[in-house]
Amino acid sequence: MPSHCPYCALQCGTVLTERAGTASVRPSLFPVNQGGLCRKGWTAPELLHDRERLREPWVRNARGVLVRSDWDSALDRVGDELRRLVAAHGPDAVGVFGGGGLTNEKAYLLGKFARLALGTSRIDYNGRFCMAAAATAGKAAFGLDRGLPFPVTDLAEAGVVLLAGANPAETMPPLMRHLANADLVVIDPRESATAARAALHLRPRPGTDLALALGLLHVAVTEGWCDMDYVARRTVGFERAWARARAWWPEQVERVTGVAAADQREAVRMLASARRGYVLTGRGAEQHENGSDTVSGFVNLALALGLPGTPGNGYGCLTGQGNGQGGREHGQKADQLPGYRLITDPRARAEVAEVWGIAPEELPGPGLDATRLLESAAWEDGIRALLVFGSNPVLSAPHSVRVHECLSRLDLLVVADFLPSETAQRADVVLPTTQWAEEEGTMTNLEGRVLRRREVLPPPGSARSDLEVLHELAVRLGQDPARFPTHAPTVFDELARASAGGPADYSGIDYQRLDAEEALHWPCPRGTGESPHPGTPRMFLDSFAHPDGRARFVAVDWSPTAGVGERQPPLVATTGRIMEQYQTGVQTRRVHELSVSAPEGFVRLHPDVAARAGVSQDQRTVIRSEHGEVRARAELDESIRRDTVFLPIHYGGGEGANLLTGPETDPSSGIPEFKVCPVSITAEEVPGCTES
Amino acid sequence: MHRVVIIGHGPAGHRLAERLGTAEDTRVTVVGARPEGPYDPGLGLAALTTELPLDLLALPEHDQRVRTVAARAVSLDRAHRVVLTEDGGRHPYDTVVLATGAHREHPDVPGVYEVGGRPAAGVWHVDSPRDCVGVRTALTAGAAVAVFGADLPAVESAHALAVRGHHVTLVHQDARLMSGDLDPGASAAVARRLREVGVEQRGGAVPVELLSGQLVLREGEPVPAEALLLSTGTRPNTELALEAGLEVGETGVRVDGHLRSSDPRVHAIGSCAAASGTERCTLSAARRQAETLAEILTTSPERRYRHTEIVRARGDGLDLVALGPVELLAGNTAGVDHVAFSDPRRHRYARLALSGDRLLAANLVGLREAGAELSRVHEAGSPVPSNRFAPLFGIAAAGGAVSETVLCHCNNVSETALRTAFRQGARDVAALAAATRATTGCGSCADDVRRLCAALQRDRISEVTEDSDVPSEEDAA
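Quick mapping for you: the protein sequence lines, in order, are chains X and G. According to UniProt numbering, the first sequence holds residues 1 to 692 in order. According to UniProt numbering, the second sequence holds residues 1 to 477 in order.
This is chain X alone, in the form it adopts within the complex (with noise of 0.2 Å):
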């Protein structure tokens, strides 16, 4: 049966196989991956079969103990408490959580259960720790947000590729079978797998990033590499732009970044001379409390090479998860409704209000974003319950210490997953869901392709699926049953219809288009004549998506925030992901030859940080920011910078990288800043331990 990977958002392509009620994998020919294969993706399988699995409802009693329980009464017991909550506080009193791995249809259906059922504005995703920021850039910059606005396969022709703090080597292997002729340029300030690759590897301090793109602007302009032809015909901002970047020429920029003028010189003749170019940016870009401006940054820079909407060149963000694409756009942001269109927008709301059956008016408004409103649990005004579908907040979250408390003063905290999280197993009532080989529904990978995901086996004892507990739910609040439908191919329709018309229009998209394979990209509109839309693999090549169908410079610039200043800190810490693990590391870190090969945390750091510190290597140590500690192995790098420590983000307990983290968060995304943090560290002591 052919499948996808349920992993990344590659969604690279696999055949799986079921054999007496065991699957296993193998890759396809899909074009994403070629027949290739991470060992992620070929190790996917076991988490079917996890022992751990989720298999029926739980449910916190009188002693505060969770236990056994079906769903009947789980369902009841939700149901009970957000009719009383809402009751006495307003909608508002309930939060809805969802996240970037649910398929479109529940992702859709999550939206609407959220607006309709509950009534309330507050719902949100983890896609706000993950993509906001490229999002927010993209929409400002081409006015609309595609990941990818063109296959992934065009990058194989590509000359030059700049990757600003993009990993795929790590995070998405088989993404480098396309990028195997082209020179990369690759932002990171650690050696990453990525940056051993590259033909140039610049190494900014973290946190400064923006004022890099901006230099690389300053050279693209001083140097006479301009496209200047298509900067008047295709573009508009050009000059707000420039008037910031003026200041930061490539000398100004090497004393703030640590990045030398020279490498900053070679970066753009290298982009700008390409026969073929493409700048990419992935959250090390992106997670920062100048998130969105740091990307404009580097869309500033493409636009003023001439890459966007020309054919063989282009910018993109790699998205994350597996379905940060669609994730974002059928209405489980705080800002969104189906269609990828803004919940402030009048006319979106009539169209959404009207396949909804209610009224615009009913309609709530806009939202908080994620990190808000997981604080929200701590105001007046803010939440008292709280549902998370297909998210781990507790690990994934800024500011860990923070979350735990909020989560405690939560009058009900709902998880629905398939896997006993670090955020289920603080749940009041636990709901076992399906999970990728066992449901039907679609996924839309990094380059807008809209996929089948199919169900080859049964769900273990009696875990269901999201639509289901949300059909569930939506009755118990008094909805009609037909207005929460299970079946996902009925879903997929109303949320085709919902987006007819939005920047992401699925409405030519159905599963009979779906399933014979058809490489299908959004937009794909409802045709009016003969043939079906063809769908929209390649974006922007004749107008941008503004009004006026040009793209926008937007006018940023650098200055020194919360963690980093022009001198300080002398040692931050920065996340990310590695090889063998995947978001929190709930599933991946369940699965053996995973966490044998990655089995725990650790901090990398440069042997001089280490001497100076007293710790040596695999040594324990305690890595101390403003908001908590972290005690992890210490692993030495020669390659890593002197004022940089990285932690991995996929692990629970004293391991957990966001303990580190602080609550900033950029206005404009709501993505938090998860890349600088100031810290200190120290060896572990060892009690009871005497020199001997």
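Note that these hints are calculated values from the structure, not bench results. Just so it is clear, the structure is predicted and the values come from calculations on it, not from any experiment. It is possible that part of the hints are untrue.
Some but not every residue of chain X turned toward chain G, in silico, with C-beta under 8 Å [unchecked claim]:
#	residue
1	Trp42
2	Glu251
3	Gly258
4	Val259
5	Met579
Note that CB positions come from ideal geometry on N, CA and C, so glycine has one too.
Given the coordinates of chain X, assemble chain G onto it according to the supplied hints.
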């Protein structure tokens, strides 16, 4: 409403107005704004070499809340807290900021200036972006240019023009280049770098007259000069401050850590102020003073300006960095260690003055990574790398994160695992991939696996032909 009057609209005054323009409860007036400008002196060098239209060289316009007055300030009346301008305007203030900049010192060479002080035809000033555009437009390909001066802008512009293909002669009266910033070794390395790109140099030379097409020296051949670029130093504009009775030193208006003059309501930044403690205020320093003062006047009155001396030449291939006081690079100061490196053939040079693991001063020529890294070390005040040669010759290659024996990182397949699979019957790349998953991730190990497979096949054939039944050693590895 806090009334701030800024006198002068060069880079320092402009940056301050930009930063204060959006502050609440602050009304900013800039006096001395020129109608056609201001142009960004930071872009002069770029204008010398690239065709940049004048509008790209302009400093951006301010927020509409900032009032600009074109007239020059003629008096600072501290008693009444008012700035008087030549057009009779009176501009009352709560705080006044002197950003009056500096004026050029004109060399006394007949033919360079006309009567009345205007430069003669073909004479340009390197510190004026307009002039830089002018000289680029005026010069034809390969034209002969003389640059007169020994300071950083002279070196930078000579280098830039030579790289652009002009026939450049750098003329200076000093015995060596940038003696205020560089030790003799570094000066020599810079001179060699310039020579390499074709800059002729006449050190210790005294120009006596500019004739049409040539600069005549007291000794030796005249220097061909279709254009003459001047970079002969500046003096701070302190007349207004002196008249107002403020304390003024050799290098400008005296200021404290809050960039405050002897009158707490009067601040001074940029080239007219003595904040840098040196004669020249770099653009970087001027900008940082403006940014710091903006904070002091709005959100953080306690902020202090801390000067970090970093001289960084601009231009591709110059790779020149000078950190800290140059005096520390010479002689034997107690407690100061020197690390030195000289590579005359490749025009590379380094001298570091250290106290323990702290960097006190450095000169670096031709070492691009070291320049970047040690500038950061100097700026942050962090310890120098324990391996003092590491930054000089580039950062060490990849560390121990990836094990040597793992061929396929994506699927964690070691060479040993591949050999084992081969022995167990996987005799070609496809079979090895099927058995171990090697090559199925990013695919970058495909060549390695192919090579290994070919080697194993060869070994096997030779084993077979030699009719050996001894298992090969490598299997045990």
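Legend entry - Restraint check, 8 Å cut-off on beta carbons, for Gly258 (chain X) near chain G: 4 Å, holds
Legend entry - Hint validity - Trp42 (chain X) Cβ closer than 8 Å to any chain G Cβ: Holds - the Cβ of Trp42 (chain X) comes within 8 Å of chain G, reaching about 6 Å at its closest.
Inset, instruction - Would you check whether Glu251 (chain X) satisfies its interface hint, that is, whether its CB is within less than 8 Å of any CB in chain G? - result: Where the cut-off is 8 Å and the nearest Cβ of chain G is about 4 Å from Glu251 (chain X), the hint holds.
Legend entry - Hint status (Cβ of Val259 (chain X) to nearest Cβ of chain G, threshold 8 Å): This hint holds: Val259 (chain X) lies near chain G, its Cβ roughly 6 Å from the closest one there, short of 8 Å.
Legend entry - Interface hint outcome for Met579 (chain X) [beta carbon to chain G under 8 Å]: Holds. Min distance 7 Å.
Violated hints are absent here; each numbered hint is respected by the structure.
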